[in-house]
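Novice: One-letter residues, chain by chain:
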Amino acid sequence: MSGVPAISQSGRGRLADAALADLDALKQRHGRHFGGSPRRRLAAIGIPALIVFGAFYAMIELNFSLQRILGGLHRLGQFAVLMIPPEPQGRFVAFSIALGETLGIAFLGTLIAACLAFPIAFLAARNVIPNIFVHFAVRRTFDVIRSVDTLIWALLWITVVGLGPFAGVLAIACADFGALGKLFSEAIEATDGKSREGVTAAGGNKLEQVRFGLVPEVLPVIASQVLYFIESNTRSATIIGIVGAGGVGAYLTELIRVLELKQVAFLILMILVTVAIIDFISTRLRLAIIGKAKVV
Amino acid sequence: MATAVPVLPAAQAKALADAYKAAVAARRQRTLLVLAIIVVLVFVSAQLAHVRPLTLIANIGNFGGFIGRTIPKISAGNFFGDIAEWYWAFPKWLGLLWQTILIAYLGTLMGAVVAFLLCFHASANLARSRWSRIAARRFLEFCRTVPDIVFALIFVIAFGLGPMAGVLALSIHTAGALGKLFAEVVENIDMKPVEGLSAAGASWVQIIRFAVLPQVAPGFASYALLRFEINVRGAGVMGFVGAGGIGQEFLVAIRNFYYTDVSAILLMIIATVILIDLGTEQIRHRLINPEGVK
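Chains as they are written, first to last, in UniProt numbering: chain A, 1 to 296; chain B, 1 to 294.
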C-alpha cells in the first residue's frame, strides 16, 4: 500500500480529481462518450417536458386549486384527530360478521371464476387450439370482460339477484373470469410441450394429451394464481358494498358519510389485519405449491 | 429379430409395485383432503355470502331481459339517425371520458413520483438505515392495502365533490402499489456500478443517479404504464362516490333504468380501456426490448 491517501482534500477520490483536472483533454479524446446522439437528447428532454406539460394541463382541466388543496388538508388533519382513538363503539360483532361476509364473497367469487375460466382457457391457448379464429375470439372475450370493473359488474348483478352479498360474489366471479382466463391461457402457452409429445408417443389421444401432458404442468401455476387472486379479492370485496353488494363496504360508506370517524378507523384497522392474515396464509400456501417451502 | 425385454424377478417387481401403489395412495389422500377442505370452505362462505342459487335461476332471465333492453333499436333504414339517438349525449360523455383518462394520468404520475422518491429507501440494497427502510415499507403497505375508493370516499368529504378527490385517492394507492414494485426492481439491479461509483467517492444521490437510474428506468416506466392501465379502470368507477369521471353518469343511468344509456356508456368505457391496454402494451414491449421492435 502506498502512503498517499486515497481520498484527497476535496473529499473525492484521487482518480476523480485527476480526471476532473484533465476534463477538457478527456472530452477531446473520447468525444462520443460525452455527448449523446441528438435523437436521444431530444427524447431525454422532450418526453419529460411532455409529461410535465400534460400534468399541468390535467390539473387545470380537473379544477385543481391551491386553496381547495389547503382547505382539504386542513379538514383531513381534523379527521385524523377525530379518528383517534379507533374504537368500535359497540359494533364489533356487526363488523366481524360483515368481514366474514367479505371473505366469503372473495373466496366464492374467485373459486367460481377459476372453475369457469379453467376449461375455457384451453380454448384460448395457441398450443391446444391451433385455430386462430377460436383463440382470438376467446381472448377478446376475456379482454372485454376484464375491462369492466368489479363495481360495474356488481351494479349489473344487483339488477338480477337484488341487493346483497350474492351480487358481490357474481360480480367478482365475472370480473375475475376475464383476468384468470387470460392468465391461465398464458400459463398453458408457456408449457414446453415435451410431456405432451411423450403422451402422444405412447398413443394418447387429444384429450389424454391435455389431461396427462398439460394439466399436471400448469396446475401448480394456476393454483398459485388463484390463491393470489383470493388475496387481492379480499381487498376488492371490502369495497363492493359501496354499491350495495354486501360485505364491509356498506358500513364503510355509511360511517364515512356520517363522519363516525372513530368507527371508520377501527373498521379500517380490522380490514388491514384481516388482509394481512390472508396475505400471510396465501403466501405460505403459494410457496408450498411451487415447491419453495413447506406448509406448517 | 426379437428383442428380449428384461423382466425383474417377481419379488423385486412386487416391492416396486407396492411402493408405487403406496405413493399413489398417499397422493390421492392428500388430494382428497385438499378437496374436502375446499368443499367445507365453500359451504361456510356460501352461508356467509347468502348465496341463493334458486334466486339466480329464477332471475337469470332478468339478466337476459336487462341486456336485451339495453340494446337500442337500430334499423337499417334510419341507421345514422338511430345511432345518433342512442348516443344522444355523446359530446358530454366523451368529455367525461377524457376527464376519466386525465384523472388516471395525473393519479398515476403523482403516485409514481412518490413511489420513486420512496422506493430507494424501501429497497434492501440501497436503504440508508434499517429504520428508514421499515418506515418506508410500512407506509407503502398502508397506501396499497386501503382500497383507492375508500380514500376517495374520505377525500370527497375533505376536498369536496369532484375529480380532485379522485386524483388524490388514485395517487395514494398508486404510490403504495408502485413503490413496492419499484423497490423490487431496485433490489434486482447489478450492484457492480454502485460499487464502482461509491469507490470513486460518489454521494448517495450521485450513486442513484448514475449507477441505479440507468438500470431501473425501463422497468419503472413499464410498471408505471401498467399502473396507468389499471388506474383508467379505477378512475371509471370513482364517479360512484362522486369523485369525478364517467362513473357518476353510469350510476345515474343504471339506477334510473335508462337502459340504452347504460349500454352506450359501457361500450365507450370498454373501448377506451381496450385501446389504452393495446397502446401501453406496445410502448412496454418497446421499453423492455428496444432492439426487438423496429
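These are computed hints drawn from the structure, not numbers from a lab. The C-beta atom is built at its ideal place from N, Cα and C for all residues, glycine as well. The reader is advised that the hints may include incorrect statements.
Derived DSSO-like pairs (lysine-lysine); straight-line CA-CA distance at most 27 Å [to be verified]:
hint, chain 1, residue 1, chain 2, residue 2
1, B, K180, B, K192
2, B, K92, B, K73
3, A, K194, A, K206
4, A, K194, A, K182
5, A, K27, B, K192
6, A, K206, A, K182
7, B, K180, A, K182
8, B, K21, A, K194
Computed footprint of chain A on chain B; a stretch qualifies when at least three of its residues, placed anywhere within it, have a C-beta under 8 Å from a C-beta of chain A [unchecked claim]:
hint, stretch
9, 31-45
10, 48-60
11, 78-88
12, 146-155
13, 232-246
Novice: Which constraints among the numbered hints does this structure fail? Numbers only, ascending.
Specialist: 11
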